[in-house]
Amino acid sequence: QKEVEQNSGPLSVPEGAIASLNCTYSDRGSQSFFWYRQYSGKSPELIMFIYSNGDKEDGRFTAQLNKASQYVSLLIRDSQPSDSATYLCAVNPHPMNRDDKIIFGKGTRLHILP
Amino acid sequence: GAGVSQSPSNKVTEKGKDVELRCDPISGHTALYWYRQSLGQGLEFLIYFQGNSAPDKSGLPSDRFSAERTGGSVSTLTIQRTQQEDSAVYLCASSLAVRSNQPQHFGDGTRLSIL
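So the sequences go chain by chain: A and B. Sequential numbering of the first sequence, starting at 5, is according to the numbering used here. Sequential numbering of the second sequence, starting at 56, is according to the numbering used here.
Keep in mind that the hints were calculated from the coordinates and are not lab data. Any given hint could turn out to be false.
Stated by the list, open to error - Dumping the calculated PhoX-like pairs for lysine-lysine here, alpha-carbon to alpha-carbon at most 20 angstroms:
#1 Lys6/A / Lys60/A
#2 Lys110/A / Lys6/A
#3 Lys46/A / Lys66/B
#4 Lys6/A / Lys112/B
#5 Lys6/A / Lys46/A
#6 Lys60/A / Lys71/A
No experiment lies behind these values; they were computed from the predicted model shown.
Let the sequences and hints guide you as you build the complete structure.
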């Protein structure tokens, strides 16, 4: 059973600080990794994707991938109250796997304290 | 349209009735996914389509649930003899293809309430 694990939170971070969200996955052959943001009552919205080991930056967001440790994280710099949401980690398994659908973690609730 | 379109946005119905939920994926996306999300919970995978075929129906909760997709585009999720535990938001997502590195894009969902 392939799994994607996230701490459910809530994670409380002061406004202006860095929020660090973590995700681990069980399928070592996984190829692509996504972060979605879901506001309460809304549908998930893609905010970042990463395919290679290392860091990928987009504005205030940085995704970090370490395939050896099977670990992907999302950093949010200069956190704003509008960043308060649930963040879902999603992992795409190896393309040759028969069970080839994206697997979502249950999400981490982030609360930015004004 | 530019995004995934779902209808209706809200549906209230009586226990025992049948409901049909519709999803129109992003143009050109061959993969289509259905999820269910109860209040405060994570995404529960129901079924996915690659083209018109559904290789994985493992997430359908019971035989009251069925889904189809025709013409490689619009999909309908049907729930027969609805029960109160079916109340949830039903989300549809599409991607360029299964077995690709492309992300899924979600519609706004259908909020289903069973009285």
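Outcome of the hint check:
no.: 1; hint: Lys6/A / Lys60/A; verdict: violated, 25 angstroms
no.: 2; hint: Lys110/A / Lys6/A; verdict: holds, 14 angstroms
no.: 3; hint: Lys46/A / Lys66/B; verdict: holds, 16 angstroms
no.: 4; hint: Lys6/A / Lys112/B; verdict: holds, 17 angstroms
no.: 5; hint: Lys6/A / Lys46/A; verdict: violated, 27 angstroms
no.: 6; hint: Lys60/A / Lys71/A; verdict: holds, 14 angstroms
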